Amino acid sequence: MPNRLSNESSLYLLQHSNQLVEWQPWGQSAIAEAKTKNKPLLISIGYSACHWCHVMAHECFDDPYIAGLMNKHFVCVKVDREERPDVDQVYMEAVQMLEQRGGWPLNVFCLPDGRPFFGGTYFPPKDLGNGLIPWPQLLMRITEHFRRSKEELVENADAIYKNILAANDVVGSPWSKSDITDAVRGICGAHDDDYGGFGKAPKFPPAMILNFLRATLQLSQVRLENSKLSDRVNSVCHHTLKAMAHGGLYDQFGGGFARYSVDSYWLIPHFEKMLYDNALLIDAYTRGWLDNKNPLYEAIIDETIEWLDREMCSKHGGYYSALDADSDGGEGRYYVWCPEQIDTVLGLSVSREVRNAYNVTAEGNFEDGYSNPSLVEPDFDQRLKLAPARKKLREHRELIRRAPGRDPKLLTAWNSLLVRSMAEAGFYVNRPDWLISARRVADFIWEKLCEESNNGTINLKSVYYEDSGASIDGYLHDYALAAEAFLAIAAKIDWLDAGASQVYLHRAKACLNSALDLFEDVDSRGYYFTAKGVDAPLAKRKEWFDNATPSGNSVLLHALSALYTLTGEDRYEKAFSNLLPAYSDYSKNIASSIAHALEAITVHQQGIEVYRLSQSSLFPTLRESLADQAWKRRFVLFSNSSELKMNYQLCIGTQCLREVNSLEELFT
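Numbering (the numbering used here), first residue to last: 422 to 1089.
Treat the hints as calculated values from the structure; they're not laboratory data. None of the values given here were measured: they were computed from a predicted structure. Certain hints may be false.
Below, a list of computed lysine-lysine pairs in the DSSO-like style, where the Cα atoms sit at most 27 angstroms apart [to be verified]:
1. Lys547 - Lys460
2. Lys736 - Lys953
3. Lys583 - Lys813
4. Lys953 - Lys649
5. Lys649 - Lys460
6. Lys583 - Lys458
7. Lys663 - Lys598
8. Lys663 - Lys812
9. Lys571 - Lys456
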């Protein structure tokens, strides 16, 4: 018999709708039921593409005995973290305060009012000898403790709740000239010089960190005064980009990146593919390509966008959120190969080349003797030569194998990330089709997810389900990232459609103004994750640190800087300046966790470049010139002859240079 998830739109919730556990969605009704029955809340959070979510669901939640324990002693709530990031964030923070490892599935035990007192991630159904307490045993311990020593749990919950509230408020301090340089040194010091990336396994693709590091190369204190540091930044960025592109984190035969690697050398991932990772990585590889025109980087961008168009594109114009890690009853089955399978598809001669190049062996590097392909030697010519064979293997797996499940939700924040990366890549790599695709997604966001009132205020949706039309109201990061998406189109669209930038500048202002109005903490620095008048789970909180995606406050810094540069409006400058000190202390201790904010601060110090052109015919040659330069944040805008008397004018930050007629004059 279906439980109370059966009428939900979320794929993740529907995956649990026929379990014996009496799941219900997050909401006040669950809390009211827990209070009435005097039972603890058991909140289980995950997402549809998560491998370990599937494992625990099968091992524990499908088990009749375990389901019976859960139903008898708890009010059980299921949450899709992509649909309700507000719920996910606050309970993830609580679990990490308990010195437990964060991740998904996230299982949190709470008092009936929702305050957490214990939690963790995956728990096995029985003792596996790995130090993890079996789930049934944990359920009984919690039940007994709640019955006999509830006051201790209340004390724990009170302490956690106070800490969550305290984390909101940041006094901040002024920035010093050395703060950015010190942050760069600290981050580079954590680089894995053997395998690229940062830290040890598991390793996540560090796109935001790489973008911050690369942005600092244009600062005089890094580029001129510290040549060794500049060389170090270049080495770190290119080592990591190449390592990820050659490794098994990247789908060598189909394009696109998995969420993270379980090892330190990027070989074996958990195989889910997320829209946000690929959006961020397209941006990182575009900036890397601008630096040295490495054809590998361009190929990675091209193949990743091809994969997105082939497997993730919605008929409405947006892109779906994720592909599952599992297919055919196991993790990664869609992506791994044995030598005999490649022999059958390609024939022995070509197969031998492919197997040697991509390390597909009889012993295998994955489960059951299968291999996850990775490029053994960094030989781009060989990679290019084997492109037809790789395509043939991709087409074969599409024909023969069961594809991973796709989550059909359309997320404003993640699509907005993709708009910016595709627009930048399209402009610099001279791919108008990519910029046109980015514009299509931006238009989808405006037309399907935004409602503009007569006074200009935007009501933005965070999630959209195209089949049902169901949606959820937006959070801070949705508004901020949508503003950035519209700014990205405004920055480059005049290359293809002179004058169209003004439409997108209007949209960007509408989204940013609404974000400032709806989410501001009028008593302290920063902006709340949930809007004014909206009940937040547990407590209203501010998101300062980047996670898998950039934090809402860090994205605001980018949008505020850009719109102040473009409009000169004091509101944006004041908001930027008020938010800025909040990040100073964090830069000294946990710089890698605020990389997106540090990039915004770095770009603002450099000055955003605004190019104004009086004729549409001038765009192609200027585009070529800019594609030969290192990445900076740039707007390339059409201005009619009544505004501009000569061909070009460049403004850097709020300072405009004299008008000129030639590119030579423009760049001297």
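Here is how each hint holds up against the structure:
1. Lys547 - Lys460: Given pair Lys547, Lys460 holds - Cα atoms ~24 angstroms apart, limit 27 angstroms.
2. Lys736 - Lys953: violated, 34 angstroms
3. Lys583 - Lys813: The hint is violated at about 57 angstroms.
4. Lys953 - Lys649: violated, 48 angstroms
5. Lys649 - Lys460: violated, 60 angstroms
6. Lys583 - Lys458: holds, 26 angstroms
7. Lys663 - Lys598: violated, 32 angstroms
8. Lys663 - Lys812: holds, 21 angstroms
9. Lys571 - Lys456: Distance ~14 angstroms between Lys571 and Lys456 Cα, so the pair holds.
Hint compliance for this structure: hints 2, 3, 4, 5, 7 are not met, and every other hint is.
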